[in-house]
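Taking the hints into account, I'd like the entire structure generated from these sequences.
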Amino acid sequence: MSFDYDVAIVGSGVAGALCAWKLSQRAGVDPRRIVILEAGHNGIDSTQRDEFHRVFLDDRAQRFWGGPYSKLGSKAFVPWPERPDRPAEEKYYEQNPVGAKKEVFKGYYVRAAGGSTWAWRGNTPRMIAPDFELKSRHGVGDDWPIGYGALEPWYQQAEQALGVSGDTASWNGLHGSPRSAPFPMKEIVLSSGDRKMKAALDGQVVDQVPVTVLATPQARNSKFYDGRPACEGNSNCIPLCPIGAKYDATVHLRKAVAAGVELRTGCVVTALEPGDTADTVTRVRYRNWRSADRSLDRVVTAKVVVLAANAIETPKILLLSPKLKYAADPNTPTGRYLMDHVQQEVTALFPEHLYPFRGPQSLAGIEAFREGPFRSTSAAFRMTVGNDGWGRKENPALTLDRLLDPPAGAPLFGKALAAKIEDRITRMVRISYSCEVLPDPANRVELSAQVDPLGIRRPKLTFQIGDYTWQGLEHGHSVATTLFNGIGGIEELSPTEVEPDYNTAAHLMGTCRMGSNPTTSVVNAIGRTHDYNNLYVVGSAVFTTGATANPTLTLAALALRTADQVGAQL
Amino acid sequence: MASLQEFLELSELLTGQKSLDAAVGDDYRRRLESAPGSALGELLVAYGKVATTKDPLGGLVALMTGDAAGQRLRAAAQQIVRIWYLSEFADLAGGVAGAGHFLDSALYSVIEAHPPSYSDRPYGYWAREPH
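Sequence lines, in order, name chains V and B. Using my numbering, the first residue of the first sequence is number 1, and each one after it goes up by one. Using my numbering, the first residue of the second sequence is number 1, and each one after it goes up by one.
Hints may contain errors.
[Unchecked claim] To spell it out: a stretch of chain V is covered by chain B in this simulated footprint if at least three of its residues, at any positions, have a beta carbon under 8 Å from a beta carbon of chain B; those stretches are:
{"id": "1", "segment": "49-57"}
{"id": "2", "segment": "182-194"}
{"id": "3", "segment": "231-244"}
{"id": "4", "segment": "336-345"}
{"id": "5", "segment": "355-368"}
{"id": "6", "segment": "418-424"}
It should be emphasised that the hints constitute simulated quantities derived from the structure, not laboratory data. No residue lacks a Cβ here, since even glycine has one placed at the ideal position from N, Cα and C.
Below, the structure written as structure tokens:
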């Protein structure tokens, strides 16, 4: 049987881009027989970056993370979740609050060529070895079908590909996770404020755990690397690096396209269909919203199909496919085990000037609580020492607002206002903690009856974090508070009690999870679906558990590994 | 139309910043004057009454009483501060828009940083304190 392409990849975020690039480099593979179908439509070069930057400047007043992307024409046809504070009719997900705390899934992403890496922070810690054995070690969650050791060479490849800056000496062997080679670049230098926080926190012992502040590995250049400049400290990582020092997936999209891969934008996949045999998927049905007839269903055929559309859109495609097994099976694991990292932060005024907002938004972290005996009863967490003042709680504009319009007392003006701004903001600091959420089959992506502008059913989500993670948030709050209280002269520590709510890290994971049991997993240890021998999934949808690491480096390593397998199958 | 000189003097008083850029100020003045419901004219009249006193800022704040007129003065003064500090224009209905001079936002020089996305400095500058 002949096919239009050898490989069809759905989605051009970091997983899809790396997969396409890796395949394009493989001997014996013709890159021109690889197509990427991307729902969004935008450029992938510096002209597009400049345009996003211009919109950010114009859109500055809206003060939200999606500002640079707010004028994309694609959004009229390809919506994505953006602002949880918007009215229900503007929201992309359908979901009903769950439980006494009325929880909803708050994660969001960008549907554009290059995906969410346009807007990510750029932090790239690896998962640690114990993360892959959560069930064996701590009796909760599940074990991955692969271990850290098997993935380590792919972590090295991913770090080389993305360009990761890190402190090799400090990270080698952390929590039993050795490195086989140094980071490609030295760590991003800590800010003057980070060093003051490190001096104040290092050596404190909390819950019998000694604390050390470490430089966070980042996909951000500490020197000229792979044709991209070193970081200039634009302090704008989220929502957009204006110079491309922070990695984003357009790096590998450009490489893949230069090698001959076809990137087809404006193409929203609506279903997959079997091939000549019941255990293959070779037809990818999509609509091109940029064409004259947006409702026309088009098809490409491919020998191998790779889904790389993130942990919401990938299972949505599988569930939308009436000719595949997933849609008709009420017990399918597809769409289930939806996970995120949930976050809180404790803020304070440091006794000295820290001068935040100079350099990247976060450079340093505390890794001590990512593993420990407590994981049998409460969630582990990664901690961040921010370089962005009070982070999500109060940005500088809000500080000004509050001084101009205090709840009580007279507003400040003049030199007193300037002095107060200078005193407060330069001493603002946060310690955040990002907690693991256990895989729960009740947390899931389904299909809503509501449709998007193209008539495609939207995602319907159900999500709550469970007592294990609520206890983790409580633990994180306790640790952060103890650390701050161990610094003499701290003021305005807040909150003094753990809050009954959380922020999202926008780390969508788990809905096509990896495993050996087809009743509780969708793909095998190499990312191939259990049911279709030429259908693969890449991206953090395949995560068996969420652990505590920012997911991008792990999903990149897995995508490169899966791409190798796809190449071998061609 | 209010004089640019008066507007700059008033802006310096309210923001605590000196040597405000006249071209930027001209743009801001026009924007604030033309906004629906603008109270800039009233604020300038009030400023004129206190400008030569010992404590013009204190005198101006004292006029920002709880009645409607006082609240209009307060809102207009807050608009001036926001537009210089953030290059954001907040209208009286609470809507916020960019005012076109983001690079000149005073807040970032006050905290010895730079407007987000506009560093003109080399790698690693953040490792050193600003002075």
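**Study point:** Hints violated by the structure (numbers, ascending)
**Key:** 4
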